[in-house]
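Chemist: Top line first, the protein sequences correspond to chains A and B.
Residues in the first sequence are numbered from 1 upward in steps of one, following the working numbering.
Residues in the second sequence are numbered from 1 upward in steps of one, following the working numbering.
Some hints here could point you the wrong way.
Same chains, same label: a pair holds when it works inside one copy or across any pair of copies.
Unchecked claim - Here are the computed lysine-lysine pairs in the DSS-like style, where the Cα-Cα straight-line distance is at most 25 Å:
(1) LYS322 - LYS298
(2) LYS298 - LYS344
(3) LYS370 - LYS484
(4) LYS288 - LYS472
(5) LYS384 - LYS402
To be clear, the hints were calculated from the coordinates, so they are not data collected in a lab.
Number of protein chains: 2
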Amino acid sequence: MLGLMQDRALLISTIIEHAARHHGDAEVVSRTVEGPIHRYTYAEAGRRAKRVANMLGALGVGFGDRAATLAWNGYRHFELYYGISGIGAVMHTINPRLFPDQIAWIANHAEDKALFFDLTFLPLVEGIAARLPACRSFVLMTDRAHMPAASTIPGLLCYEDLLAAAAEEFAWPAFDENTASSLCYTSGTTGNPKGALYSHRSTMLHAYASALPDSLNCSARDVILPVVPMFHVNSWGLAYACPMVGAKLVLPGPHLDGRSVYELFEAERVTMSAGVPTVWQGLLAHMKQGGLRFSTLKSTVIGGSACPPAMIRTFQDEYGVKVLHAWGMTEMSPLGTVCNLKSKHLDQSAEEQFRVETTQGRAVFGVDMKIVGADGTDLPWDGKTFGDLYVRGPWVVRGYFKGEGGDPLVDGWFPTGDVATISADGYMQITDRSKDVIKSGGEWISSIDLENIAVAHPAVMQAAVIGVAHPKWDERPLLIVVRKPGAELTREELLRFFEGKIAKWWMPDDVAFVEAIPLGATGKMLKTRLREQFRDHRLPTA
Amino acid sequence: MLGLMQDRALLISTIIEHAARHHGDAEVVSRTVEGPIHRYTYAEAGRRAKRVANMLGALGVGFGDRAATLAWNGYRHFELYYGISGIGAVMHTINPRLFPDQIAWIANHAEDKALFFDLTFLPLVEGIAARLPACRSFVLMTDRAHMPAASTIPGLLCYEDLLAAAAEEFAWPAFDENTASSLCYTSGTTGNPKGALYSHRSTMLHAYASALPDSLNCSARDVILPVVPMFHVNSWGLAYACPMVGAKLVLPGPHLDGRSVYELFEAERVTMSAGVPTVWQGLLAHMKQGGLRFSTLKSTVIGGSACPPAMIRTFQDEYGVKVLHAWGMTEMSPLGTVCNLKSKHLDQSAEEQFRVETTQGRAVFGVDMKIVGADGTDLPWDGKTFGDLYVRGPWVVRGYFKGEGGDPLVDGWFPTGDVATISADGYMQITDRSKDVIKSGGEWISSIDLENIAVAHPAVMQAAVIGVAHPKWDERPLLIVVRKPGAELTREELLRFFEGKIAKWWMPDDVAFVEAIPLGATGKMLKTRLREQFRDHRLPTA
Numbered sequence: 001m002l003g004l005m006q007d008r009a010l011l012i013s014t015i016i017e018h019a020a021r022h023h024g025d026a027e028v029v030s031r032t033v034e035g036p037i038h039r040y041t042y043a044e045a046g047r048r049a050k051r052v053a054n055m056l057g058a059l060g061v062g063f064g065d066r067a068a069t070l071a072w073n074g075y076r077h078f079e080l081y082y083g084i085s086g087i088g089a090v091m092h093t094i095n096p097r098l099f100p101d102q103i104a105w106i107a108n109h110a111e112d113k114a115l116f117f118d119l120t121f122l123p124l125v126e127g128i129a130a131r132l133p134a135c136r137s138f139v140l141m142t143d144r145a146h147m148p149a150a151s152t153i154p155g156l157l158c159y160e161d162l163l164a165a166a167a168e169e170f171a172w173p174a175f176d177e178n179t180a181s182s183l184c185y186t187s188g189t190t191g192n193p194k195g196a197l198y199s200h201r202s203t204m205l206h207a208y209a210s211a212l213p214d215s216l217n218c219s220a221r222d223v224i225l226p227v228v229p230m231f232h233v234n235s236w237g238l239a240y241a242c243p244m245v246g247a248k249l250v251l252p253g254p255h256l257d258g259r260s261v262y263e264l265f266e267a268e269r270v271t272m273s274a275g276v277p278t279v280w281q282g283l284l285a286h287m288k289q290g291g292l293r294f295s296t297l298k299s300t301v302i303g304g305s306a307c308p309p310a311m312i313r314t315f316q317d318e319y320g321v322k323v324l325h326a327w328g329m330t331e332m333s334p335l336g337t338v339c340n341l342k343s344k345h346l347d348q349s350a351e352e353q354f355r356v357e358t359t360q361g362r363a364v365f366g367v368d369m370k371i372v373g374a375d376g377t378d379l380p381w382d383g384k385t386f387g388d389l390y391v392r393g394p395w396v397v398r399g400y401f402k403g404e405g406g407d408p409l410v411d412g413w414f415p416t417g418d419v420a421t422i423s424a425d426g427y428m429q430i431t432d433r434s435k436d437v438i439k440s441g442g443e444w445i446s447s448i449d450l451e452n453i454a455v456a457h458p459a460v461m462q463a464a465v466i467g468v469a470h471p472k473w474d475e476r477p478l479l480i481v482v483r484k485p486g487a488e489l490t491r492e493e494l495l496r497f498f499e500g501k502i503a504k505w506w507m508p509d510d511v512a513f514v515e516a517i518p519l520g521a522t523g524k525m526l527k528t529r530l531r532e533q534f535r536d537h538r539l540p541t542a
Numbered sequence: 001m002l003g004l005m006q007d008r009a010l011l012i013s014t015i016i017e018h019a020a021r022h023h024g025d026a027e028v029v030s031r032t033v034e035g036p037i038h039r040y041t042y043a044e045a046g047r048r049a050k051r052v053a054n055m056l057g058a059l060g061v062g063f064g065d066r067a068a069t070l071a072w073n074g075y076r077h078f079e080l081y082y083g084i085s086g087i088g089a090v091m092h093t094i095n096p097r098l099f100p101d102q103i104a105w106i107a108n109h110a111e112d113k114a115l116f117f118d119l120t121f122l123p124l125v126e127g128i129a130a131r132l133p134a135c136r137s138f139v140l141m142t143d144r145a146h147m148p149a150a151s152t153i154p155g156l157l158c159y160e161d162l163l164a165a166a167a168e169e170f171a172w173p174a175f176d177e178n179t180a181s182s183l184c185y186t187s188g189t190t191g192n193p194k195g196a197l198y199s200h201r202s203t204m205l206h207a208y209a210s211a212l213p214d215s216l217n218c219s220a221r222d223v224i225l226p227v228v229p230m231f232h233v234n235s236w237g238l239a240y241a242c243p244m245v246g247a248k249l250v251l252p253g254p255h256l257d258g259r260s261v262y263e264l265f266e267a268e269r270v271t272m273s274a275g276v277p278t279v280w281q282g283l284l285a286h287m288k289q290g291g292l293r294f295s296t297l298k299s300t301v302i303g304g305s306a307c308p309p310a311m312i313r314t315f316q317d318e319y320g321v322k323v324l325h326a327w328g329m330t331e332m333s334p335l336g337t338v339c340n341l342k343s344k345h346l347d348q349s350a351e352e353q354f355r356v357e358t359t360q361g362r363a364v365f366g367v368d369m370k371i372v373g374a375d376g377t378d379l380p381w382d383g384k385t386f387g388d389l390y391v392r393g394p395w396v397v398r399g400y401f402k403g404e405g406g407d408p409l410v411d412g413w414f415p416t417g418d419v420a421t422i423s424a425d426g427y428m429q430i431t432d433r434s435k436d437v438i439k440s441g442g443e444w445i446s447s448i449d450l451e452n453i454a455v456a457h458p459a460v461m462q463a464a465v466i467g468v469a470h471p472k473w474d475e476r477p478l479l480i481v482v483r484k485p486g487a488e489l490t491r492e493e494l495l496r497f498f499e500g501k502i503a504k505w506w507m508p509d510d511v512a513f514v515e516a517i518p519l520g521a522t523g524k525m526l527k528t529r530l531r532e533q534f535r536d537h538r539l540p541t542a
């Protein structure tokens, strides 16, 4: 027997409609590529999203078609999110930090019918436009005054001209909530990129779950600045959660250095932010140098890669900013876990609380997780046993766009490629990526644990640990370190720093000092490159 | 084109599974009908809900069947919520405060196959059991020691005996998320009661929305005591939201007087509660009398009927407890709006903030609302214009069980029967029930506004305003008042108290002092009874 409740589909257009109606005067503030700060309200964003919808019709982009963006976090990008998904087309956010060849490959794979891009990326798009046969419209996201005098892109269009020519009247269509809404390719380090194809339903459920008090805790009293790009899993869903709750949204544009981000935090009275550890490194360095304080910032989400415990301490103890340590994946929309204390922890010591806060946290309601051994059997939740982390839920992929990579699921569960422990209280801690874990004599050593200790040393700026071939143990850990500018540090000093902090057999067999560690397009360390670079490294223990 | 996300149904069983797995040691504390305080954990609740599922199989209650309860807020009632809905049967919570004839009518209309009831209600059920032909199993929710020596109910069953005989192993079935999960009849003041038939989908979406920071703001750090009964729209959804977020749940049993509730608040370190204004009147009186303070309570949800502004002030100014003024209906699962400030209000004065806080608040994301005039056209959101309040959303009914009352929707919107204003910021304020508004010379006078002023007078305990026939103006307001014990107050003193607070033509034409105002089964004032009682009242102005 079915219930007798209204049959209303979960559609992304309802978010912008709600924001425009119930939070019409809440602001969206953008630092533009062109320079100035731009301000408008959700009411205005709602009207312009409708113009986008009409503009897409004029460009021949319809239901099910893909339309791509190469853009920073800004208001035009925000309007496109709602206009494109709102008509039932697919919002395809491309990571502009990829190599041009990869971008062209992805745009062709997606068969993008239109490409919208910021001024920054005009040279990039000029370089690949001729290789995108499916793409009929190239739209520069700027006004007439900033259009180039000439371009190698035939028929290059001006976003503001198109919008001005489009009507403001538009009624968002209703359709199946399982309709594809957006597409984001994983920056796979091996093989071709694979597209996660989100639906309206998955996006809406994720938006509800991500705004909960024990997730990112978003309200109409917040001012939220996603440093995490809108091309990186929908800025971790904040592009949806903010208008859903009516939070003021601050979009930082192209400049993500410590100084630029700090200025916006203070000028716009930001209460909450979100980004990867490398961004916060830059911000914290800027603040320390200038002896600066946060006036309004209360919390920041740190994810993308594990947050070094030392960074959590700095934010919380020195600046009074709560760190929401989070974990997710492109394949998970992206939110999987967020670290928040439970009642039982509130009476514990700061040190005991801190131990909980170094984990990636508890599953957001809707996500189910487990750890399994090599034979696929469930492993215990004791906070010690490592296993391959599997997840499932309504915002987890069941496959990739066009079937790329085959069926990734194992009995309905998605294998994350992460190795983790889960405590009896459900706190998950990533121990490593499956491919990065160091297999020493049949036992596993966590590269992340070793890296966290290394970066806690005052002379270390960055550290990576990889497994290097060893005749007796198969693999042994090599610690690769970038020293802080001007700092002195020897191999022996650094290794002494590990003593008493780890089991003896986890001790790195060697230390290599380097000028820089290669980073991928999303700011993660490229261990594949390091492994290539150090393939022939001979350990002193070998 | 459809998205490629996992097809996982929104099912109520996932809540108790999540709570048992991720918040296994969080407590459910119940004050039992039998007397003692009972404690167990979500892990234990999860195991017992599975026993309930097996017990239902043994009793012949299956998918789509209705199983009813007549019970207070307690752990056995909580297990039944999950066991019954979990197998795809329908959890039918009956309001035991209805007259026995109404209860029998409702149970027969629902064709309940089993009835579970607390010891308190044994005499009631003995009185009606013979008139419930569809009901095959009568189960007393107690243990063997508390079973009566004899009962007029043939084959009366003992809940704990049945549970002990049922296996703990059970795999929750998967089915369409639109399947009916629970049933709650509205206590209609006219006509037959009508059943709102919730679905798993509506319940789950409501649970997400209700736990949001700008809704009831529930987290794993909360201890939540729903005073609002579990037979009253699923204790406003808290029976689902609490285990969803892992909050400790405190169930107060049958004693809802100020002293009993206060004791539980303090003993269990309650941080959040929820109930109707009349319950809080009792609590505040008890606290004032004893000079008591709250040690842990941070917020309380007040709904069911409009919260008098004086009560909001007392909670916030005298006790430092945030009032979440809320509005909803049985037909809305029930949450429609909750009052929370926006960023823009934070810099305003306490008085300006208070003015916002006296409204019923903003629409919870998922609920869409509008006010319409007599001709059905949309009215402006200016905070002044009154109109009939219409709502829609995935947790709003589209009809009633068995088609009772026909199709209630108007162009897809549900007419709430309330008259309201909506401000430009989306804050809704109930002005009256459509049927209670006083129509004076073609203009409307809000009975609730007048009642709020009356109860702000220190000598007034309760007040109701009804329209009484008037030869010139059609209707004029009559103010009916219960004085506080020992307080003296004359008609003239009370009317002077209104001067300057309302337009002159809103001034009540007369005052009637009474010993008590009749209350309905959900604690609301029964204005129909008052209208009957005062039908022949002759106003001095007539």
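Chemist: Evaluate each hint against the coordinates.
Modeler: Each hint tested on the structure:
no.: 1; hint: LYS322 - LYS298; result: both (6 Å within a copy, 21 Å between copies)
no.: 2; hint: LYS298 - LYS344; result: both (23 Å within a copy, 17 Å between copies)
no.: 3; hint: LYS370 - LYS484; result: neither (39 Å within a copy, 59 Å between copies)
no.: 4; hint: LYS288 - LYS472; result: neither (45 Å within a copy, 77 Å between copies)
no.: 5; hint: LYS384 - LYS402; result: neither (39 Å within a copy, 54 Å between copies)
Against the hints set out earlier in the document, violations occur for numbers 3, 4 and 5.
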